[in-house]
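So the protein lines, in turn, are chains Z and C. Every letter in the first sequence is one number past the one before it in the numbering used here, and letter 18, counting from 1, is 18. Every letter in the second sequence is one number past the one before it in the numbering used here, and letter 129, counting from 1, is 129.
Just so you know, these hints were derived from the structure itself, not from any lab. A hint or two may mislead.
[Claimed, not checked] Sample of chain C residues with no beta-carbon within 12 Å of chain Z, all distances over it, derived:
no., residue
1, Asp33
2, Arg59
3, Glu62
4, Leu63
5, Arg66
6, Arg89
7, Ser96
[Claimed, not checked] Between beta-carbon pairs, the in silico distance windows are:
no., chain 1, residue 1, chain 2, residue 2, range
8, Z, Ser148, C, Pro93, 49 to 55 Å
9, Z, Arg329, C, Pro93, 19 to 25 Å
10, C, Ser127, Z, Ala343, 21 to 27 Å
11, Z, Ser24, C, Ala92, 38 to 44 Å
12, Z, Asp10, C, Asp98, 48 to 54 Å
13, Z, Tyr72, C, Thr3, 46 to 52 Å
A virtual CB, placed ideally from N, CA and C, is assigned to each residue, including glycine.
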Amino acid sequence: MVLIVNEAYDDAGHEDPGHPERPSRTGAARAAVADLHLGGDLLVAPSRTASRAELLLVHHGSYLDELGAYCYGGGGDLDQDTYATYDSWEIAKNAAGAGLSVIEAMQARDDAVGFVVTRPPGHHALADRAMGFCLLNNVAIAGAALLSQGERVLILDWDVHHGNGTQQIFWNDPNVLYVSTHQSPLFPGSGYAGEVGGWRAINRTLNIPLPSGATGDVVQRALEDLASPVIDDFAPTWVLVSAGFDAHRADPMAELQLTSGDFAELARLALSFAPRPGRVAMFLEGGYDLGALRASVHATLAAALDGVVDAEPRSNGGPGVDQVALVGRERRVAIESLLATEAGEGAS
Amino acid sequence: MTTSRTLAVGFDGSSDAESALRWALHEARSPHDVVVVVHAAGMLEHLGSPLPRNVTPARLIELARRCDFDERRLRWVVDDGDACSVLLRAVAPPISADLLVVGSRGLGRRDGYLLGSTSLEVAQHASVPVVVVPSNHAVS
Numbered sequence: 001m002v003l004i005v006n007e008a009y010d011d012a013g014h015e016d017p018g019h020p021e022r023p024s025r026t027g028a029a030r031a032a033v034a035d036l037h038l039g040g041d042l043l044v045a046p047s048r049t050a051s052r053a054e055l056l057l058v059h060h061g062s063y064l065d066e067l068g069a070y071c072y073g074g075g076g077d078l079d080q081d082t083y084a085t086y087d088s089w090e091i092a093k094n095a096a097g098a099g100l101s102v103i104e105a106m107q108a109r110d111d112a113v114g115f116v117v118t119r120p121p122g123h124h125a126l127a128d129r130a131m132g133f134c135l136l137n138n139v140a141i142a143g144a145a146l147l148s149q150g151e152r153v154l155i156l157d158w159d160v161h162h163g164n165g166t167q168q169i170f171w172n173d174p175n176v177l178y179v180s181t182h183q184s185p186l187f188p189g190s191g192y193a194g195e196v197g198g199w200r201a202i203n204r205t206l207n208i209p210l211p212s213g214a215t216g217d218v219v220q221r222a223l224e225d226l227a228s229p230v231i232d233d234f235a236p237t238w239v240l241v242s243a244g245f246d247a248h249r250a251d252p253m254a255e256l257q258l259t260s261g262d263f264a265e266l267a268r269l270a271l272s273f274a275p276r277p278g279r280v281a282m283f284l285e286g287g288y289d290l291g292a293l294r295a296s297v298h299a300t301l302a303a304a305l306d307g308v309v310d311a312e313p314r315s316n317g318g319p320g321v322d323q324v325a326l327v328g329r330e331r332r333v334a335i336e337s338l339l340a341t342e343a344g345e346g347a348s
Numbered sequence: 001m002t003t004s005r006t007l008a009v010g011f012d013g014s015s016d017a018e019s020a021l022r023w024a025l026h027e028a029r030s031p032h033d034v035v036v037v038v039h040a041a042g043m044l045e046h047l048g049s050p051l052p053r054n055v056t057p058a059r060l061i062e063l064a065r066r067c068d069f070d071e072r073r074l075r076w077v078v079d080d081g082d083a084c085s086v087l088l089r090a091v092a093p094p095i096s097a098d099l100l101v102v103g104s105r106g107l108g109r110r111d112g113y114l115l116g117s118t119s120l121e122v123a124q125h126a127s128v129p130v131v132v133v134p135s136n137h138a139v140s
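Construct the complete structure from the given sequences, taking the supplied hints into account.
Here is the structure:
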């Protein structure tokens with residue numbers, strides 16, 4: 001297996017002093033890639049910006065116009081968490097384009113794992129609004145491009161925050177399965193088990209909320225017991241991972257207790273969900289402790305490449321097993337309710 | 001027949017949010033009306049102090065007293081999310097708001113600009129009436 005990473009682009013202009021979503025994050029992620037010492041097994045996909053047509057597959061044109069104008073007007077706070085600068089519009093388009101470029105490079109061969117080193121992150125960005133540090137939804141833009149080619153896309157989101165933007169964008173799309181593990185309650189306040197998809201995509205959203213303190217064994221069991229059968233039934237042709245690393249126990253943004261060794265296991269699971277080699281691309285989302293981010297990215301990629309994983313021991317014994325057991329029941333109730341409503345509407 | 005309403009007010013501690021809250025406290029004239037003050041806890045709030053300055057129950061009680069409002073009809077809710085999402089969720093149980101009240105601008109340096117306007121977003125997507133209270137609105 002080879003690793004395909006996007007060519008670095010200058011993201012230094014998207015910075016707000018003191019804000020945790022900062023340029024050194026991509027530096028830490030790229031250092032983790034260098035730590036792998038892959039030599040000729042590391043390929044670089046050329047940097048490019050996403051075109052307006054590619055962005056329009058996900059975002060509203062009016063939002064794109066407003067975001068661009070806002071940035072060129074000098075930027076500022078978009079909400080209590082999210083900022084933009086003069087350079088942010090171009091940097092965000094580069095972030096979105098990086099995912100597209102990595103996937104294009106992967107499609108030319110069948111033996112690659114993709115890793116998209118981007119910021120700002122994307123999974124909170126809605127079709128028409130920035131949110132939660134995110135401006136453009138990078139993984140959704142890549143997913144939409146694959147959909148336009150007739151692919152069926154699994155988006156596995158293991159960031160500690162629920163990817164509300166991605167969920168909303170594909171809520172009614174039967175050709176996307178969105179699976180998220182996340183701490184709850186926590187920002188953005190969505191991602192409950194009863195959110196199972198829209199009428200045209202029932203059972204195409206799978207949320208696994210986890211309590212504060214949950215450990216890696218709980219996340220793994222949730223994915224194996226709950227997600228795996230749904231993924232098998234969906235039969236994806238591509239797997240995109242919203243790979244946030246803020247579920248690490250050292251991260252200041254939340255209270256899950258994962259270690260770098262847990263992320264290695266999650267990477268192995270992600271690969272097991274793919275139909276064949278060369279169909280898993282991971283997108284950097286959160287991760288705000290630079291040391292934990294570097295170690296976790298390193299462990300993730302080493303495991304994905306089936307290499308030697310030098311990582312912290314896996315975590316176990318945390319709370320959440322009971323909560324995960326309830327997810328299946330809540331989903332069944334929600335799905336039956338939606339189906340009954342649909343049947344009633346059809347009969348009337 | 002006695003009618004009661006639940007007014008949900010977005011509150012981020014800004015002067016505009018205080019104007020919105022004062023308007024709601026005066027609007028909730030019926031002794032059966034309830035004012036629910038909703039604070040959206042964003043991602044950054046998780047990093048630092050639990051609540052920003054001026055966003056405390058004590059501050060709300062002080063404002064209620066100044067407006068001669070029975071503080072027993074005042075509720076205080078902190079919900080995870082951005083301001084727009086949290087206010088829109090207030091329409092659903094357990095808050096079940098009949099009316100949403102927001103200030104026209106927030107704490108953001110340039111909030112209120114076309115893109116960042118919580119008030120515009122709420123007005124566009126809410127399923128109940130929305131009142132946007134202008135900056136420095138004086139309640140008569």
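Do the hints match the structure? See the list:
no.	hint	verdict
1	Asp33	26 Å, holds
2	Arg59	17 Å, holds
3	Glu62	23 Å, holds
4	Leu63	21 Å, holds
5	Arg66	26 Å, holds
6	Arg89	7 Å, violated
7	Ser96	17 Å, holds
8	Z/Ser148 <-> C/Pro93: 49 to 55 Å	39 Å, violated
9	Z/Arg329 <-> C/Pro93: 19 to 25 Å	20 Å, holds
10	C/Ser127 <-> Z/Ala343: 21 to 27 Å	25 Å, holds
11	Z/Ser24 <-> C/Ala92: 38 to 44 Å	40 Å, holds
12	Z/Asp10 <-> C/Asp98: 48 to 54 Å	50 Å, holds
13	Z/Tyr72 <-> C/Thr3: 46 to 52 Å	50 Å, holds
Of the hints listed earlier, those the structure fails to meet are numbers 6 and 8, in rising order.
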